[in-house]
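Chemist: Residues per chain, in single letters:
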Amino acid sequence: MIAIEGLHKGFGAKQVLRGVDLNIERGETMVIIGGSGSGKSVLIKHIIGLLFPERGKVLIDGADLCAMNDAELTAVRRRFGMLFQSAALFDSMNVWQNVGFALMQHTALSRDEVMGIAEERLKWVGLTDVLHLMPSELSGGMRKRVGLARAIAMDPEIVLYDEPTTGLDPIMADVINRLIRSVQERLGVTSVVITHDMVSAYHVADRMAMLYKGEIIEVGTPDEIRGSANAIVRQFITGSSEGPITAQ
Amino acid sequence: MSDASAQGNPLLAVPGAVGRVVLELLTEVGCISRYLFQSLREGVRPPYRPRDIFRQMEVLGVNSMPVVLITAVFTGMVLALQSYTGFKRFNAESLVGTVVALSMTRELGPVLTGLITSGRAGASIAAELGTMRVTEQIDALTTMGVSAVKYLMVPRIIAGIIMLPVLTIFADVVGIAGGYFVGVEILDANPTVYIKRTFDYLETQDIISGLIKASVFGGLIALISSYKGFTADGGAEGVGRATTGAVVLSSMAVLISNYFLTSIITG
Ligand SMILES: Nc1ncnc2c1ncn2[C@@H]1O[C@H](COP(=O)(O)OP(=O)(O)OP(=O)(O)O)[C@@H](O)[C@H]1O
Ligand SMILES: [Mg+2]
Numbered sequence: 001m002i003a004i005e006g007l008h009k010g011f012g013a014k015q016v017l018r019g020v021d022l023n024i025e026r027g028e029t030m031v032i033i034g035g036s037g038s039g040k041s042v043l044i045k046h047i048i049g050l051l052f053p054e055r056g057k058v059l060i061d062g063a064d065l066c067a068m069n070d071a072e073l074t075a076v077r078r079r080f081g082m083l084f085q086s087a088a089l090f091d092s093m094n095v096w097q098n099v100g101f102a103l104m105q106h107t108a109l110s111r112d113e114v115m116g117i118a119e120e121r122l123k124w125v126g127l128t129d130v131l132h133l134m135p136s137e138l139s140g141g142m143r144k145r146v147g148l149a150r151a152i153a154m155d156p157e158i159v160l161y162d163e164p165t166t167g168l169d170p171i172m173a174d175v176i177n178r179l180i181r182s183v184q185e186r187l188g189v190t191s192v193v194i195t196h197d198m199v200s201a202y203h204v205a206d207r208m209a210m211l212y213k214g215e216i217i218e219v220g221t222p223d224e225i226r227g228s229a230n231a232i233v234r235q236f237i238t239g240s241s242e243g244p245i246t247a248q
Numbered sequence: 001m002s003d004a005s006a007q008g009n010p011l012l013a014v015p016g017a018v019g020r021v022v023l024e025l026l027t028e029v030g031c032i033s034r035y036l037f038q039s040l041r042e043g044v045r046p047p048y049r050p051r052d053i054f055r056q057m058e059v060l061g062v063n064s065m066p067v068v069l070i071t072a073v074f075t076g077m078v079l080a081l082q083s084y085t086g087f088k089r090f091n092a093e094s095l096v097g098t099v100v101a102l103s104m105t106r107e108l109g110p111v112l113t114g115l116i117t118s119g120r121a122g123a124s125i126a127a128e129l130g131t132m133r134v135t136e137q138i139d140a141l142t143t144m145g146v147s148a149v150k151y152l153m154v155p156r157i158i159a160g161i162i163m164l165p166v167l168t169i170f171a172d173v174v175g176i177a178g179g180y181f182v183g184v185e186i187l188d189a190n191p192t193v194y195i196k197r198t199f200d201y202l203e204t205q206d207i208i209s210g211l212i213k214a215s216v217f218g219g220l221i222a223l224i225s226s227y228k229g230f231t232a233d234g235g236a237e238g239v240g241r242a243t244t245g246a247v248v249l250s251s252m253a254v255l256i257s258n259y260f261l262t263s264i265i266t267g
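Sequence lines, in order, name chains A and B.
Here the numbering used here is used: the first residue of the first sequence is 1, the next is one more, and so on.
Here the numbering used here is used: the first residue of the second sequence is 1, the next is one more, and so on.
Hint data in this document are derived by calculation from the structure and do not stem from the laboratory.
This structure is a prediction, so every number in the text was calculated from the model and none was measured.
Yeah, the Cβ is synthetic: ideal placement off N, Cα and C, and Gly gets one too.
Watch out, some of these pointers could steer you wrong.
As the list claims (entries may be wrong) - Sample of chain A residues facing chain B (criterion: CB under 7 Å; computed from the structure): (1) Ile48; (2) Thr74; (3) Arg78; (4) Phe84; (5) Ala88.
Said to hold, decoys possible - Pairs of lysine to any residue residues, derived as SDA-like cross-links and limited to a Cα-Cα distance of at most 20 Å, are as follows: (6) Lys213/A with Pro53/A; (7) Lys150/B with Asp70/A; (8) Lys14/A with Gly238/B; (9) Lys150/B with Thr74/A.
Put together the whole structure using the sequences plus the hints.
Modeler: Shown next as structure tokens:
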């Protein structure tokens, strides 16, 4: 469903992605792991056409994002839901307006209907009685969950999660992990999850990929990754400071 | 190139720096025109979002009105004072009212309003949109299939085009009133004569030409400031840079376009 081929991207003199190849099948949950600053957020933004590659391609159902005009891109993007690392809530709108934003823009639903859907999605992510709060009144973890509710409000086909559990307590993290799984099962969505959190990664992944120095160095099922012979992967999943990966 | 020549010959440093600024400016003008065309294209397509436009008109008016009024009244006053001093030399004091009215409506009303709005509204637009850019809110809009140009830029441009003439009318009235106050109360001009001279030579076309200029300034300020906000990067510092840049560039745009608009209108 999503095919990334030879993706290169840099900012100024800094090369971030150096030929990423990755295939994501329909209906699976692909977890991308990798160190801080390795370019995971940059990679996920290419999948939804927020950034465009210097070299290489991103294909959604065989169609190249780079070759699309604005209208086609918009149509493709509307099949996606995305949770940003920073949540990216609109700070001029309250919680239900944030969650219901796309519904208000693209459907003919009434205000009350949108508010109802927003309330239901917020319940999925474990939030009640927040409908009328402003984003500035929320904790970091609550913002994340509102962002998540917003990402799944339109019943998207593909959901991109940029660090969904970062900043949440372990219990809430588990709630979100279960939610990611249940969204996948209930809506049959294809999911791409970026995370540092190995508990979460094993929990939600059908397959995992590790991004290191601008390339995908290993792809496999959670069991394959756990048993990987690659020293870099082994070091990352065990969280050791000793090994081929050195702190920069 | 200019760096090397600047080291060799200090006399060349100034033209070098000027050249660099002009080049940067031209590049920026190119980028801004792209946004202008996109706004036009997307602005004419429904939905038209009147509610967003009204909100922006309100923000713009509330933001700039107090400063515009204060600036205009004192400008009108000083204009009366200065022209009185000058005109007395050839016994033309009775024309003070005329000078104030013509200067305010044709030139100072729109230009001062434009400059003040560049500072107030321009800064606030750039800061708001810049913050939305660096906190990924603009990306979030895009991923939800909503065009940021259509949703954020177009209402601001329309609000600028409508509100600047409104602010200018207030500036004109208050400036003329300030001139009257100085002329009549301080310089002891005859009130009837002063008022007669104010309106005898003032034509509708003077007022209209000022309002047309103001309208263009409003559109330019909103366009430039939104562009600066949209292209902000690098966190809070980047937002600060975008804000300063918006104020500088839109003030320059007001002054430069003022000359060309005036020469077209009078020509
Ligand atoms: N818009 C941009 N302009 C310049 N550099 C950028 C930009 N976006 C990302 N980068 C750089 O790209 C590199 C990768 O960033 P990215 O945000 O993808 O990291 P990440 O893997 O998501 O890290 P983290 O786990 O900390 O979120 C960083 O060094 C960052 O400085
Ligand atoms: Mg990231």
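Chemist: Does each hint fit the structure? Answer for all of them.
Modeler: Comparing the hints with the structure gives:
1. The criterion of a C-beta within 7 Å of any C-beta in chain B is met by Ile48/A, whose closest approach is roughly 5 Å, and the hint holds.
2. Here the hint on Thr74/A is kept, as its CB sits about 5 Å from the closest CB of chain B, short of 7 Å.
3. For the restraint placing Arg78/A at the interface with chain B, the shortest Cβ-Cβ distance is roughly 4 Å, inside the 7 Å limit, so the hint holds.
4. Satisfaction of the interface hint for Phe84/A is found here, the shortest Cβ-Cβ separation to chain B being roughly 5 Å, below the 7 Å cut-off.
5. Here the hint on Ala88/A is kept, as its CB sits about 4 Å from the closest CB of chain B, short of 7 Å.
6. Taking the CA atoms of Lys213/A and Pro53/A, the gap is near 16 Å; set against the 20 Å cutoff, the hint holds.
7. Of the pairs offered as hints, the one joining Lys150/B and Asp70/A holds, with about 13 Å between alpha carbons and a cut-off of 20 Å not exceeded.
8. For the suggested pair Lys14/A and Gly238/B, the alpha carbons sit about 19 Å apart, so the restraint of at most 20 Å is met.
9. Simply put, Lys150/B and Thr74/A have alpha-carbon atoms about 13 Å apart, close enough for the 20 Å limit, and the pair holds.
Going through the hint list in order, the structure satisfies each hint without exception.
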